[in-house]
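Student: Below are the chains, spelled out letter by letter.
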Amino acid sequence: MIPVLLIVIPLFGGLASFFLKNEKAVRPWALFFSFSTLAFSILGLTILKNNSWLQYQVSWISNLNTSFSVKLDGMGQILCLLNAVAYPLVFISTWKTNYKKANNFFALMLLMQAGLMGVFVAMDALLFYFFWELALIPAYFLCSQWGGERRIAVTFKFFIYTFTGSILMLVAIIYIYLQTSNHSFDISAFYNATINDKSQGWLFWLMFVAFAIKMPIWPLHTWQPDTYEQSPTAVTMILSGVMVKMGVLGMIRWLMPVFPLAFYQWGDRVTWLSIIGMVYASLIAIRQNDLKRLVAYSSIAHIGLMCAALFAETQSGMQGVMIQMFNHGINIIGLWIIIEFIEREFGTRKISDLGGLAQQSPAMAFLLVVVALANIGLPLTNGFIGEFLMFNGIFASTVTKFYLPFTAVAGITIIFAAVYMLNMIRKVFYGETNSLAAAGYSLRVNEKMALAIIVVFVFVIGLYPKIFLNITQETSEFILQKVDVSKFFKR
Amino acid sequence: MNALLLTAVLGVVMMFSSFLLSKKSIIRNLAILGLASVLVVNILEMSGIIFFKIDTKGMIFFDRFALLFNTIVFASTLIYFLLSSRDMEKVGTNYGEYFALIFFILCGITLSSSFRSLLILFLGIEIISIPLYILTGSDKKNLKSNEASLKYFLLGAFSTGLMLMGIALIYGSTGTFSTVDATTSGSPTSALFIAGMLLLMFSMAFKVSAAPFHFWTPDVYDGAPTVFTSFMATIVKVAAFIAFIRLFSDEFGNIQPRWQLLIALITAVTLFIGNITAVFQQSVKRMLAYSSISQAGFMMMAIYAMNADAKEGLLLYSAAYCLATIGIFAVLIKLKDYSFEGFNAFSKQQPLLAATTTIFLLSLAGIPLTAGFLSKFYMLRAAAMTGKYLWLVIFAVLMAVVSIYYYFRVIQAMYFKEGNGQTVEASIGFKWSLILLAAIIIILGIFPNLLIYWLYF
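Read top to bottom, the protein sequences are chains A and B.
In terms of this note's numbering, the first sequence is residues 1 to 491.
In terms of this note's numbering, the second sequence is residues 1 to 457.
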């Protein structure tokens, strides 16, 4: 029942917001719904943990043999929690931001949350595809309506990109569906489908492209910096914090176990792509002068590491990815909150125009440094846990003979991350206070609150990751057992 | 059989009404009432209540497939009447005759969805075509309308000639007009038979405006009065598809390997030309004409696949396509400026009309939660099931991506572009009809079984 509620609450809240006449009432209204979603998400993690609460299935289109089947497994729990935490954070931190037609804005935001929840819990391929697209449509309208100057063209590029990927995935889904024994879209039927190695080879790419565009993996990333830059910050937070996780989840749940052979066959090549992407994005991030673009490129580098860790096919790497999905989401939202603040108060996002903010607003500087260090992956912070597990996983990988170069090159990007992050902090917060920063603004209470929550997450997960390790263990073991190709070679 | 007779009678009634009744509102209400009764008797026939039992010597056979399709057609036409019948007044003075012609077309559709004899097919297609030539040219003072009508008539007559020749060749090789007996008797693979099949294929491809027989479509759709374009591009087009699939499954079903590749090529070319050309259009009306070609490409996949899923899918597709396109045209008719710029800031002027139009466009583009997605899904599934020509499936989805471009251009104009927005007069009834239409599209997009179930119960 919990997963159904997680979808229905924001869905209802969103649809109702369209008809709210009072634009002032819509903020508390949306916040209320996001908090109730959060409450149910926590309930599912803590009290109502038995299967009868976490699973729900009802027949949907019977002659296609598809059902409305949703379930919260370990990975789903983490991502739903991320989604449920992200929304109140976004709403609180942008409480004072004005939007034209605010009720439509919040309605679409909540609808997007419903779509994302659906993607994270769907256990039926057609349902998964439905939610996959449904999460995209509100994002399209949000970015095109409330974004920056070049929003229409940029968002359209984003939409065409992701739509191309997803419709290719649809072809793959139909082909797997035809290979299942009883023509069913159910996930277990997909896992047991007999697909020969030749078909796996090309079906893998049809699906991989969809996920790679969403994540994004180099060279399919070109929509991402523009879109993050042009979208309203509240939407960017969701896009980068939560929506990219759709791609990672899709890869873990729908790609790895369905095409184990192809996953092994193409593993090295895809890992090379993601490693190249990491280096490429890091180098570009070092040269960026725009705060939003800097964070956008750093995000590409982080996601690349996740992809590489997945293809290592180790327990540590897999759990690292699942934990890092949460960490990355939380940390990047923290960065966006600060960027939003800087842009609003100082009217610029250019690093070269800013300087010495720390003297006037020490609280902001402290919070940003914590989040930035977590983003680099300093010990004690959550980023360290995730990245350590992933590096460990890549290095211990038995499916590739390139584990050493992979680890080495990926490791270099961590240094790059330190370079661009610390550089940014130095230029923006320290040094001489220029005329722009001299006015001195301090964070509002709501922003402090949101950032404080994020800092708590940073340290709690950094110091005691066991909670999340326990949740993800079962799922990652299950996936790894499915993906193990050695059983195909033994006679 | 109920609907066949009733539509013919109603056609005559409407013809008389044009000079017997003076008030236009009475004529309109009579037509809507008549159509509603046609819908009712057709549904009654589906549940086994047949008013007229006529022995047609096996030339006409109302199976579930035909009856369900007729229901879709009558329901779509009813919605079309509700939305657009007022706008027919602006076309010319012969209000009653327009309705009469439409009823005759419906009569022809009933024939061409249920034929079991090539002669009935010919009869059905002709009964559809001739009133259409007149409707196309009904804006008598407009040069473009006249040109469109003449063009349509000449090319249409040519394709009818091809069809007749094909029927003659097939009769020559099998000795029967019946589509179901031909496969058992005679020699279905003789050169004569194959030549006849090709001629029939070409003429049907012309009627559904599949490339490379599509050249008449943009000009005729653009030239005809917009109210009638709406009818031609939707209901008439899917009716031709039903005739097409019925002909090829009954008559040529057992020699599928012989024509499958050719149909696959026609499908691919249709998708390509329809989508790519639509991208470059400046007028929404012309864009919709090309979009109808590209949608025809998707429907051609049903004929290519020719399995049970393809038939289910084609029914769903016809419903989804008709409803969405009728909706868009109903809004378009109200506008004065048909260019993409004409839609600028339309959402500020008419939020409800813009929202429903968005749903129709999303459905045409094939976004989930709309009937358009599931119908495209059925087509892809049917084509994938054949296990052949994978490239066609991949090509089709890539073309669907192209179609996003021109459908979303309208959405962008309505919501994100600045402008004054055209003033539009929309009555309350019109708005409610649009809401109803959008609701049907979404409900079919979630529960397609509500429609497909009727095929089997």
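Worth flagging that the hints you see were computed from the coordinates, not collected in a lab.
Heads up, the beta-carbon is just placed ideally off N, CA and C, and yes, glycines get one too.
You may find that some hints are simply not true.
Said to hold, decoys possible - Calculated cross-link-like contacts (lysine to aspartate or glutamate; reagent style EDC-like; alpha-carbon spacing at most 16 Å): (1) B/LYS334 <-> B/GLU97; (2) B/LYS417 <-> A/ASP290; (3) A/LYS100 <-> B/GLU97; (4) A/LYS350 <-> A/ASP290; (5) B/LYS140 <-> B/ASP181; (6) A/LYS427 <-> A/ASP268.
Stated by the list, open to error - Ranges of calculated distance between the beta carbons of each label pair, as one might list FRET restraints: (7) A/PHE402 <-> B/ILE276: 52 to 58 Å; (8) A/VAL445 <-> B/GLN282: 39 to 45 Å; (9) A/GLN57 <-> B/LEU154: 57 to 63 Å; (10) B/LYS144 <-> A/SER181: 46 to 52 Å; (11) A/GLU474 <-> B/ILE276: 48 to 54 Å.
Student: Evaluate each hint against the coordinates.
Tutor: Hints, one by one, checked against the model:
no. : hint                              : in the structure
1   : B/LYS334 <-> B/GLU97              : 22 Å, violated
2   : B/LYS417 <-> A/ASP290             : 27 Å, violated
3   : A/LYS100 <-> B/GLU97              : 50 Å, violated
4   : A/LYS350 <-> A/ASP290             : 5 Å, holds
5   : B/LYS140 <-> B/ASP181             : 46 Å, violated
6   : A/LYS427 <-> A/ASP268             : 39 Å, violated
7   : A/PHE402 <-> B/ILE276: 52 to 58 Å : 43 Å, violated
8   : A/VAL445 <-> B/GLN282: 39 to 45 Å : 53 Å, violated
9   : A/GLN57 <-> B/LEU154: 57 to 63 Å  : 59 Å, holds
10  : B/LYS144 <-> A/SER181: 46 to 52 Å : 58 Å, violated
11  : A/GLU474 <-> B/ILE276: 48 to 54 Å : 50 Å, holds
The structure shown violates the earlier hints numbered 1, 2, 3, 5, 6, 7, 8, 10.
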